[in-house]
Structure formats: structure tokens, C-alpha cells
Amino acid sequence: MAINVTPQGQQHVERLERVWTERPGLVGWLTTTNHKRIGILYFFASLAFFGAGGVEALLIRTQLIGPNGHVLSPAAYDEVFTMHGITMIFLFVIPMTTGAFGNYLLPLMIGARDMAFPRLNALSFWVFLGSGLFLYVALLQGHAPNSGWFDYVPLASKEFDPGNNIDFYGYGLIFNGIASTMTVINFIVTIFKLRAPGMSLNRMPLFCFAFLAVAFALLFALPSLSIACLFLELDRQLGFHFYDVAQGGDPLLWQNLFWIFGHPEVYIIILPAFGIATSIIPAFSHRRMVFFPLVALAEILVAFLGFGVWVHHMFTVGFSSLTYVYFAAASLIITIPSAIQIFAWIATILTGTPVFRTPMLFIVGFIVYFIIGGLSGITVAAIPFDQQVHDSYYIVAHFHFVIFGAAVFPILGGMYFWFPKVTGRMYDERVGKISFWLTFIGTFVTFFPMHIVGILGMPRRNYTYPPGLGWSLLNFIESIGAYLLAVGLVLIVANLVVSRFRGAPAGRNPMEGDTLEWSTTSPPPPYNYAVIPTVTSPYPMWEPQDREADDARLDRGEGVLPEGHQTPATTVQDAQLDEILAMPPHSAWPPLLALMITGVFAMLLMHHYWIAVGFGAVCGMTLLAWHRHGVEA
Amino acid sequence: MSPPPSDRMVWFAVLGGAVAWTIQFVINLGFTFAQCDQPIQRWALPVHGWEIGLSVVAAAVTVAAAAASLRIFLRTYRLDHVAEVEREGRGEAPPLGRINFLAMIGLTVNFLTLMIVVLTAIGAPLLPVCQQA
Amino acid sequence: MTGSGASERVHGSDAPAPRSAAAQVAAASVAARRRSQPNGWWGMALFLCSEVTLFGTLIGTYFYLDFDAHAWPPAGVKAPSVVLPLVGTACLLTTSLPMALAARAARHGRRANVIALVSGAMIVQGLYLALQILLFRHDLRDFRPQATAYGSIYFTLLAAHHAHVLLGILLELAVLWQVATKGLTNYWLIGVRATALYWHVVNVLAVFVVLTQLSPTL
Amino acid sequence: MLAASVVVFAGAVGLLVVAYLRRGVRGLPFFGERESVPEGMVLVFGIGVPLVALVALFGVSDVYLVKQTSPPNPSTTAMTINVIGHQYWWEMRYPGTPVITANELHMPVDTRVNIVATSADVIHSFWVPALNRKIDMVPGRRNRVLLYANQPGEYRGQCSQFCGMQHAHMAMIVFAQRPAQYRAWLANEERSAMTPTTAAARAGERDFMNDQCASCHYIAGTPAQGFIGPALTHLADRTTLGANEIPNRPAWLAAWIRNPQAIKPGVRMPDLGLGDNAIGQLVAYLDGLH
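Protein chains in written order, with my numbering: chain A, 10 to 642; chain B, 673 to 805; chain C, 798 to 1015; chain D, 25 to 314.
No lab work stands behind these hints, which were simulated from the structure alone. Careful: at least some of the hints might be erroneous.
As the list claims (entries may be wrong) - Label pairs and their calculated CB-CB ranges:
#1 A:M615 to D:G83: 54 to 62 angstroms
#2 C:S1012 to A:G34: 58 to 66 angstroms
#3 A:M615 to C:A913: 52 to 60 angstroms
#4 C:S1012 to A:M615: 23 to 31 angstroms
As the structure is a prediction and not an experimental result, all values here were calculated from the model. Glycine is no exception: its CB is placed at the ideal position from the N, C-alpha and C atoms.
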């Protein structure tokens, strides 16, 4: 987008403004198909769920602050730790990364004006919201899932869990999976087809590589989870026998299916963090990432190898050691892409001239914690060691360093980093730094002692523990750390909320960022760019001649595409201009369809199968209407 | 570079090893499950024999893919140091830059998948077939 | 070609901007000039990736349970009969040809051919579905999914594929209706191509499903 | 493994510190701005070094050590004990003897004991951290693990796979005893239950056999043949009740019988609503089962 707009350029801008004006008010938000608005909706929804999951975490730590705690009843504790896991993974990290960051930034970074399927994009948000509320209705009713987010059968079978707690889980995750599948299909097509002309694969920002990897991983991992949940519900509702060993089923079938999804999931959670890190580090180090192709490769390869390691969650179920070796081999080699990234980041910071502002601090914290989590990860890839610490607090420590330390820190850093772009105002740097140190120290104090307490033999998922086993002090420290961490997180939110209204104006590129989104105004206009940007490198903002070319083309009114919601589509590999797409404007169908789908699952849950079929039929008709009133291009 | 390598060749160079390992992995897994996870032995499979055979094939394919990517890499590298431009993330113009970029990716991917294939091949025959771990 | 070169041509003559909505000629010319697959095609292709994985999981489950079992199929259940399923699948496979031709006709804007070819394919697919439903009900009389794990996976696997056949037929109905009423607009031209792609994959899946279903006998 | 981890961690953090100290300066000390140096760094530390370390780790742990930690062939072990996981307690059976006991596993020291771990309901996991690794107890599988104690003593074990509401209170004690003591214990366990001597105890026995108790519990040599709950043949010789939840003393036993749910919410044993008198008699009976 042009940096300085001349009068001739201005008239083109005004035309775009007219074409892309959005509906005002609530209706505007309900029927929007603008990727930035949808991103913001995702952001607030998943932030709310993060709050809920955080409260659950604090309840857990309060319960365990001392031996024989009785803040929660055993039953309540089981529901709380289950919902904590489900919330943080399915309702916070994934929607926050793919939903909020991906939706808002991806089209901007590739120089597009929207996602490939804007209405599908809206639909996946509303379906995600439906599934989240679906699961939380369960908690409010006191029927929340209660056999862990891993939900092992037979504990989760009708015989041992007769209530509808598990049905909320089974249906809820299928429901949630629909939303994620739609999102990732949208992402992949967007990245394949909507890159600005000239942005061939080797000129694509690393952020996009990370999200491409995430999208593919989710696309191939989710069916396994959906099938596992389908089997579970068939067993529970219709008396099938997939998991019933008495009738030729196998409880380990669930574990296999679940972890075929569950391990790629771990990388799905961490990869967006890599993407955010790879866009923050160059900006603050004032240099390009060291060894660009290798970093891009590492992001893709992690997602791929992640499918070959799932049984390392099952090293104690008694498979043959031969089976385990196949997985141990992959589990060890998969650390190499991560090592490549870590040292590429470090080398970039080392050889650049880094400025340690708040986002950068979070990234450094992320690197430190990712190394800790990664190293403990290697130790549990060693089968004999894993068989000792498996299902102990050592594992809890390991994956919290990976998931909280390594996945959430970049999210927090990214919030600070892109806050000026989204709101047009700066956050408070001093408060930002304080909030970083609070979260950093809090995280360490909360999760590091868990390694020790785990090696001392404390199993996971215990609602309490007896005194005199040497666990009490460590648990006390962990709980204190958790409160510290909570304070830090609240401070971050406070900082952003206050800055939203009081912050200094940010301008276009307050972070000296290197990707396209920094070339447009903050916040960006509905059409993102007045001219479809020129791209000749993965760091477009560091190619001044291209930005000047944009100015010139705006004056000539070239590549403005002012008639209708238009964006160019390009070829998949080399991004040569292929056609001009007309994007659908606002639409009421997505929220409506999402409502119908919610109806289907609600009715399934209440065993009104015929009504559910009715809702299904209505969904079909809604889809017809959707396509009848589809835009014509 | 005359003529540029066909897309089919480039993508084999990138994905060959990955696909080979996937197939080796799935078949190996099928064998141990079939052989070990049943109360009564319905069939006796030559698991170790199959493993070695598979590993050899997988390794061969991976090496072939690696060789392909090396060849493509060198052919593109000779031309005004595209590789350097790519390594530094300056984005040489496609298709040349993109092909060189993919070739570098292919080299690494095939190297790492070859490692997994080899580790599996070394580790597996040393262990009894159905010994519960 | 360099990026700037590309974007200079954003308004160039070879970049077809959409004209009035239902202009079939324009649609056909866009289709003719396209150098890569359109978004709609990619969307369907990726959706099908997830469907293929889904069936991979189902088939994997079938054999996982098979490997677990003392006897497969369990005592009291006779191994599936081969002839009808194979014949049915063979007929279904033939429908890939008319669908492929329909996609081609659509790209050349031959609306009548599209309608004829798709309806022709749809009739065969409908007959296939009818046959499969009969067989399904017949099997249900022999053994039930609630009886053993074998029954559970057997019927789930088949039901999943039949559901996909049904969905495909519904897709075709929608496409036929729209193409008949609105013409081969760009939107529905891509719709035809996506539907054809869907059917190719469903047909290939049919082969794997039927081979799995018959594996105890074969 | 720990040492290596510390080295890697220290190295990486060290580099970050250097980066902070030289934040004003481009390039590296000594090497300057040559791009090939950081790239070489990525190749060496990102691929080369880890690869060597990982291959070594793979060979040592996943190929060599696995053989050591895999359960040995039963023919090479001195004895076998079957452990069956229940929600939320452990059943121990000593093959070749009529002994069936619960929650307290007695074994001789310096003896290789082959544990066969199965489950009667959901998935549990058998773990005595001080004696060996854990092994899951999966319905339909007979997993095995070696147990070996070279010191006499009491070792705490706990279920480590989430198995329901009282997962936290599914513990056990392993008594590693000198062979003589062990043989004495086994000999005693092999006897059928003592016939009650006092009037109260006899009344308690009657209640036990007539009330619901007998339908769930097993007492050798009596009509009580239930296996839903723990075997009580020699209950009085155990040190704890409710899977290591409360000490085995008459007062506690009475409290447990009066309302198990109050002590261990979610436990399978129901509140039988017995009067104090009946409870007293039951305690008298059970407390005599040595």
C-alpha cells in the first residue's frame, strides 16, 4: 500500500472506501466476512476461554497447595482438570493462533484482501463459538467431561461413566473439529492461491510457512479424533463394541486413534509460536533470519514427522519393544528440526543488532523455555526413562514448558507486537516489561518443581496427596508460582485494554516490521491495500524500491481493482497472476448455518435423533440458499 | 540452466524420502500389530525379514531423492549463486529461485528421513519380535 | 518472471476481470485462460484429503481389530459374499468417465452436455446406492453391529461410504439445478469440476472399502 | 542425560547473553559479519551435534536398555504374583497357593518376582517407583513387569493411570521381607479364616454372611465368596484399609463400615446404614481375622 498518497492516488482510495464500506453495528459484526473482523472475534472468544481455563488451573493449584486439600470435591476436581485441558487446547491455543493471528495476519502478509473463502471463514468462527459454548454448558450444568482430555476408555465408557459428561466431550470435539477443518482448508487455499503476484514459495514469509504446516497437520490429524469420538458415541449410545474387550474390541484402539491426532496436535500448538517468533526476531534484530530455507523446512518437517511418534504416549501399555523402536526413532529425529530453528533464532539475534522490547523479551523467554521443554522431551523419548516418569508430574512439567512456555509466550509476545497494527495505538512499554518478568518468573516457579515432584513419584491427575512423601513443599511453591503467573497475565490484559484507549498513536510501522502488513495503515482499511503490493523477497518492507513502485502504481490507478470486492488469484508455486476473484461481501448465512449445526449436536446429545436429522436437513437447505445467493465471478 | 528440471522431478526430490519412510513405517507397524497383538498366533510372519527388505527399499528411494535434489541444487547453484541469495532469504526470482529453494529443502528432508529409516533398520533386528516392553 | 512484472499486469488484458454475473462466455473464457486450478477446486481437493484420511482411519481400525481377534469374522458370522459388492463397485467406477467428461464440457461452456453427462452418471450412482442399501439391510438380518466389534466396524465402514455416495448425489442434484436455472456461470462451472473431483475420490475409496469388506473371503 | 542437557541449556543461554551484551554490534566476535559463520552454526549445532547425541541415546536407551527393562522370561524368575487392578484397590493372587489378598504385596528380598498385571475394570497402572518402572493394567492384556528388592522394607506404590474419582487414593504397600518372614507370612495366609471365638464376633460373622457383605467380599473357608471387593480372609494382619487410605484399627474400621463414602468418596462400597451394634459386632469379627 502506498506510503504517501498523491491526489490522483487519493481518488482511487476513495473509490475503494466506497466499495468496501462495512455494515455498522452489531449486524455488521454478525454478518461480517472480513478476515480482520473475524480475527478479532476469534481473539476475544478465545481470550474469554483462556480466562476460564486459567481459573480452572488456579482451582487445581489451590486444591494441591497442601496435602489433603479439600477446596474441590474429587468429582469437581476431575471435571475441572479435564475442562482445563480441553479448554486450553481446543478453545484457546488453536483458535487463538489459527483463528485470531492467522485470520488477521495471513491475508495481510501475503498481500491479499481477504481469505479465499470469506463466508466459510465466518462459518468456522461461529461453529467454533458454538462448540465452545456447548462444552461450557456442560460445566455450568455440572456435567462437564470428567475422564481427562485424553478420555481413555473404558473409564469413559457407559459402564463406568453413565452420565452425559462424556457425551458432551464426544460430540463437542467432533463439533469443534468441523470448525477447525473448515479453517485450515481456508488457510491452505488462501496461502496457495491468494499470494500477491511475485510471492513465489521462496518469497513467502516464514510466518506463512508455519501456518501452512499447521493447517496441513490439522487437516490430516483431525479425522482420527473425529473417528475416535464417533466410535465412542456409537459405543455409548447404540451399544457398539469398538472399545469393549469382551466383544472383540480393544481399549487401546482409542489410545492409538487419540494419539494419532494428539501428537500432531502438540506440534499444531507449537508451530504458530514458531511462526510468530520468526516474524518478531528479524524485526527486532534488524536482519533476515539466518538460513531462511532451513527454517522454512524445519517448520514443515516438524508437522510431518509429528505423525510418526504417537505411540511414545503409550510406552507403558505393553506393546512389543519392536513396535516402540519405530516410534523412538522418529521421536528422536523430530528434535532436529526444532534444534535447527532454535539455533537459527539464536544466530539471528546474535549476529543482528537486537532491541529487547517487550515482544522480543517474550520471544527470548520462549526460546529459553522451549529448550527446557525440548530437553525434557528428549529424555522421555528414551523408552526406559519414560516408563519410569510416564503419567507422573515430570510429564506435566515437560508439556507445560512446551505448551505454556513455548506456545503461549509467543502468543503473548505477538499480542504486544501486533497490538499497534490492530488498534493503531502503542502499548505501555514499561508495564509490558514488568508483565513479562512476572509471567516469566511465574512460569518457572510453577512448572519447574514439577520435574522433581514427578521423579519423586507423584502421579498426575490426583485430586490430593498424602503428607510425608516430600511432595508438600514443592507443591506449595508451584501454587505460589501459579498465582504470580496469573498476576502477570492479568497485567498484560490490563496494559492492552488501557493502551487501547490511552495509547500513543502508532503509525504504520512502529516495530520496524519486515512483512507487508506494516506497509498499510494501522488499523488496516477493509481492503487492506489500495494497490496489490509488489513482492520480490520474503521481507517486502526491506525492499524500498518495491514500496515506491506501489506508490507509483497507485497514482496510475494500476492494480487497484476498484470494481467490487476483488483480489487477484495467482498460481500455486510461482505466484504468477492468474485471475481476478470477486469476494462475497457480508452474509447472514454463516451464523445461521452455525446455529443449525449447534441444533444438530444439541439434539444428538438429548437423544432426539429425528429432530437432529431435521436440523441436518435445514443445514442442507441453508447451504443451498448460501450458494444460490453466492457471488458470481 | 537448460532446460529447468520438471516440476515432477523437483517434487520427487522434495518428498521422495518422506513418502518412503511413511510406507516403511506403516507396513512395519502393521506387521508387529498383526504378529504380536493377538491372543493366539493366527499366522507367523517373517517380521525381521520384511523389516530389512523394506528398510533397504526405503533407504534406496530416499537416497535417490537426495541425489535428485543435489543435482537440481547444483544445476541451479552454478547460475549466479542463486543458492546464496536463497540462503540469505533474499528471494531470487522464480522459477529458478523457487527450484533452488526446494532443492535445499529436499536435501535436508531426505537426509533426516534417511536417518530415521536407518535407525529403524538398525534397531529393529536387534530386538525380539514380540517381547513386551 | 519477477513480482513487479506480474503485478504490473494486474489490470493487463490477460487478467480477466469478471463482467456481468451470468455471462457464460466470460466464464468459459476465464476457465480457458486459467493456468492453475481455481480456489473451489482446491477447496474440494483439501476437503477430500480429510475424507480420505477418515477412511484410512476406518480401514486401519478394521484391520487393527482383525489382528486382535481370535477369529475374523467371529464365530457365527459367515464371511461376506463377494459377487454383488464387486459388481456394484465396478459399475460405480464407470461413472468416473462421464463425470470427467462433464468437467471438460463445463470448461468449454457446453451446458447441455454437462447436464446430460451428470444426470447419466447420477442414475448409475443412484442404482449403486439402492443395491448397497439392500445388501446392507440383508447383512443386518445376519448379524448386528451391537453383537461384536466385527459387526461394529463392518457396518460403520460401509455406512460411512454409502453416506458419501448419498452426499455426492445430493451435490449433483444441486449442481444440476443451478446449472439448469442459472447457466454455467463461473461459480457453477467450478461447482461441476469440484463435484467431478469428489466423485473420482469417492469411487477410488469404494475400491478400498469393498476390498476391506471382503478381505475375510478374498 | 542430565549433564548433557545442562551443557546444551547453558550453551544456548550463554549465546543469548552474548547477544544481549553485543546488541549494538552487527556480526560475531572474531568472525565479523560473514554470513557463512552463523549458517555453519545452524548446521553444526542444529543438525550435526544433535544427530550424534540422538543416535547415541537411541542405541543406548531404546535398543540396549530396553532389553534390560523389558520383563524377563517367566522361566528365569523365582516366582510370579498376579496383581489385578480394581477401582480403587489392588488384588494380589499367589499362583500355586490359595492366597488371595489385597493392597499389601508381600515378596521376598533378593528375589526376581514376575508381576502379571491385569485389570478387572478400567485401565490402571502398576508403579512402585523405588523398585522398578511402571506397567499399565489394561483389560484383556496380561502385561508383565519385574519386581526386585535388595533391601527389606516397605515400598509405596500407587496407581499412575487416571482411573476415576479415587485415583488419588489407590495406593499399595510392598513389603519386601527376609525369606523366613515371607514364608511365615505365606503359610499364615494359606490358612482359611479363623473361626470367631467371642460371642460378639460370632454375631458379627452371622451378620456378615447374612448382610450384603458376603456378596462382595471373599473370606476363605466361609460362604463369603464375592470378589467385587477386597478379600478379607486375614484382614486383621493388614496395616491399612481402603487401599492405604486409613490405618487398620477397630475405630477406623468401624468408621469405614459406617460410611465408606465419607472417608473415600466414590468408592464402590456403599453406605450400608448399619446400626452401631451391628457395626460393633462386624468389627469384632473382622478384627479377629488373623
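Status of each hint after checking the structure:
In this structure, M615 of chain A and G83 of chain D meet the distance hint of 54 to 62 angstroms, their C-beta atoms being roughly 56 angstroms apart. Judged by the Cβ atoms, the range 58 to 66 angstroms given for S1012 of chain C and G34 of chain A holds: they are separated by roughly 60 angstroms. Between M615 of chain A and A913 of chain C the beta carbon distance is about 46 angstroms. The supplied range of 52 to 60 angstroms is therefore violated. About 38 angstroms separates the C-beta atoms of S1012 of chain C and M615 of chain A, a value inconsistent with the hinted range of 23 to 31 angstroms.
The structure does not agree with the numbered hints 3 and 4 stated previously, though it agrees with the rest.
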